[in-house]
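Asks: Protein chains in written order, with numbering that gives the first Met the number 0: chain G, 0 to 491; chain Z, 0 to 491.
The reader is advised that the hints may include incorrect statements.
[Unchecked claim] Derived pair list, reagent style EDC-like, types lysine to aspartate or glutamate, alpha-carbon separation capped at 20 Å: (1) K89(Z) - D103(G); (2) K59(G) - D26(Z); (3) K59(Z) - E48(G).
[To be verified] Label-pair restraints from in silico Cβ distances: (4) D309(Z) - A81(G): 53 to 63 Å; (5) Q408(Z) - R162(G): 53 to 63 Å; (6) R34(G) - R56(Z): 28 to 38 Å; (7) E426(Z) - E322(G): 53 to 63 Å; (8) E48(G) - A256(Z): 29 to 39 Å; (9) D26(Z) - D390(G): 51 to 61 Å; (10) L327(G) - A469(Z): 43 to 53 Å; (11) P4(Z) - R138(G): 22 to 32 Å; (12) S136(G) - R319(Z): 23 to 33 Å.
These aren't lab readings, by the way, just hints derived from the structure by calculation. Glycine included, each C-beta is placed from N, C-alpha and C at the ideal position.
There are 2 protein chains.
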Amino acid sequence: MGERPAISPTRAENYAEWYQRVIRAADLAENAPVRGCMTIKPWGYAIWELIQSALDRMIKRTGHRNAYFPLLIPKSFLEREAAHVAGFAKECAVVTHTRLEQRDGVLRAAAPLEEPLVIRPTSEVLIGEAFSRWVRSHRDLPLLINQWANVLRWELRPRLFLRTAEFLWQEGHTAHATREEAEAEALRMLEVYRVLAEDFLAMPVVCGRKSAHERFPGAVETYSIEALMQDGKALQAGTSHFLGQNFSRACSIRFTAADGRENFAWTTSWGVSTRLIGGLIMVHSDDNGLVLPPRVAPLQVVILPILRGDGEKVLAAAERLRERLEGLRPWGQELRVEVDGRDLRGGEKNWEYVKKGVPIRVEIGPRDVEADQVTYARRDREGKWSLPVEDFLKNAVALLEEVQEELWQRALQLRRRATAPIGSPDELRAFFSAGNGFARTYFCEDEAVEKEFRETLGVTTRCFPLAEEAEEGPCFAHPDRPGRPALWARAY
Amino acid sequence: MGERPAISPTRAENYAEWYQRVIRAADLAENAPVRGCMTIKPWGYAIWELIQSALDRMIKRTGHRNAYFPLLIPKSFLEREAAHVAGFAKECAVVTHTRLEQRDGVLRAAAPLEEPLVIRPTSEVLIGEAFSRWVRSHRDLPLLINQWANVLRWELRPRLFLRTAEFLWQEGHTAHATREEAEAEALRMLEVYRVLAEDFLAMPVVCGRKSAHERFPGAVETYSIEALMQDGKALQAGTSHFLGQNFSRACSIRFTAADGRENFAWTTSWGVSTRLIGGLIMVHSDDNGLVLPPRVAPLQVVILPILRGDGEKVLAAAERLRERLEGLRPWGQELRVEVDGRDLRGGEKNWEYVKKGVPIRVEIGPRDVEADQVTYARRDREGKWSLPVEDFLKNAVALLEEVQEELWQRALQLRRRATAPIGSPDELRAFFSAGNGFARTYFCEDEAVEKEFRETLGVTTRCFPLAEEAEEGPCFAHPDRPGRPALWARAY
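Isolated chain G, as found in the complex (with noise of 0.2 Å):
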């Protein structure tokens, strides 16, 4: 590509204004008037639209059905579980009032509500409610629910997708008959999103526990898949929480079991958002902005024309070519290509579709048509490929299998190279104040441990890896006592 990068600045200069201006520069999402919300953009939306419809069809497949409960939470219901009203009484948004009336010449809230509403922040005690009546019988179980929808935390620091005031996302929760059956849900749509991140997103991720600290407010365990991003940073990505009988206590979600005893329901939630994005814009784009996995690309193929001389025949070239590669249908999905045949200078054009992101370019010139033949791009590689067009419609799904398994391979080392063994609180300080990415220690899980590294690096547990849990060493702090391996990073 170009000699100078079309991202200003770079990632090397200063990654987080880099990240804004990938976002810009890719039409994705710009800040809406209301601090700290977001107005997704459609590239953006169309790169969520994917997501969800490759999520929706996982969670069906699993036995879970969609349903859709209300924006609104009476603050009474809240109260219900304690842990959880207060890790969410801080960030929420109360609705007390019904109606706007003028009074004074001046648009004023009016018809105060008895009892003040909550826009949702996370769904359990509303759901919960809803489960209270739904369940009766052991043969109402297990009860398998999602819903997609918006909610809202109110954010100090927002950043778009990352963590915005409003956020979309879909929140599972289920109720079951037994501890066992509960907690191997939550790992069963752990290791969904796990499938999800890594094979459409090409984002590998950690499956992990998290530590009593990072967990949420009312869950007896958390886990979460974490990814690594270019700067060495963590982004937990999303979570599966084991509620135990926490909320069906305090919603009073019980059944009669077999035997005609009353039980309380073991209930699990999992969710992942929009901030699903912005993880995929930090693992795998350039100093030329966006970089797209194929499969998560609103555009797989972009057709561009060259239209000097004989414009017709090239445009006519373009739309045979498009028609001819939509009726490809890897992964059983027809591929999305485009011919973007505006009156615009070719390298204006070509530089649009490699700051969105494109995976592949190709450029039909008369003298390709000539030749039949095309010229491509990858946006994961320099240079230019020509080819009979034959040969390019033959190779073309290879060729989009190839992007995705490069940015695989590329997250994968990005994440190899950025992961150290560390031995000692001293090793971790000198590790993180040389830079960021992830340590991995053996813990003991001390509070007071990591309460110091929160406090003095800004750096957390973000998970005890699944897959290691069987591992046992001395803690890194405590060498007397044992630890599992941990993984540490500051997180977004």
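Fit chain Z to the known structure of chain G by using the hints.
Replies: This is chain Z only, laid out in the frame that chain G set:
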């Protein structure tokens, strides 16, 4: 079916109550703890997903792109368009605080906002503000955007699906360089809604123009699709607004034309909501519960194995049939089929699917397996039929199309029978004293006449049908004035 209908009261006994009972019997939705809000349960939400996916395809095919705008609107934005704020201020949920805090042992709203925020009742002003930044030149037009979202209007007399405080919808918002283009867009999307209602929901609608009184607050012209329910009341099932330059002036959506002059854009907006499900219920359902046209049925065929005797064999035959049915792909999609292998009494299972409106129920018992046949029932007719398995497979798609067509024809007939030409105010009074239906008059659009009938009979003009706009006759109320065909009705 049975002698005693499944839903009590029946339509004839108490239509309003019958409606609520159909919803409960089909497990579509329920009232939520917050007054006026509803929980859409899985069966109801699956219907919404089918409507969404059909409509989303059409919205995209007509060149629109999806985006997402924030839930919260600053009060000052709402005030920008005078008619708009007057129309919505009295039913706005107002957010005034951003946290809850313990004070005197009670959790109270804290951290008041400087400017109150309103939960969107509709998004013209918010999206208008974005458009004012996105549109610069005529090359940015037309701007064709759609959003799927929840909105909130504080309703005084809520009814599940028909009128709820929070509801789900899509709202399209477009900006154009000329008045003609914007008018054409409003009508194009009305036609999309007609196709959705008629071809997909089998619900006949009249496309028409609204009278000034019935217009959307801030619109120059409102168009709607109007359907007739089985009780003779009308349902406004979708609206499309030509907004002129009202909102572009209020929000400052300006563009530089090709000739270099600055103009205000011409805008439209259009929406349909979960209200469509209310219409679907009231148009097709009967005294045994919900009746679903196959295209919008979450389950098109349910297979009910009769698990007497050789249960394994019967279940295997049922699963084989499911697989083969799914392999049929009418309307470009897999047939939606399930086997209900639960160990319940046959009658109980059967009635569950009757009440849920599944178009075709197939029974397979040991004797059917022996004879390689199935016994099936149609939701739209009484009776049961037996067919060799191969013949049933050959006919299944045609059968579903027949059910779709049958429901469509019935609804058409219903509307035909319930529509009467009316020549004078006395005739109109007599018509609506005797019952309900569409009264067709020539009408000069005198607002005083509309007011009188609205206030004395609860009857309003539903629309001036577009198909008959060329027609003219003497106004039914002022015979000395020319009138256009107008439909009157009591409406939901």
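Asks: Looking back at the hints listed earlier, which ones does the structure fail to meet?
Replies: Of the numbered hints, all hold.
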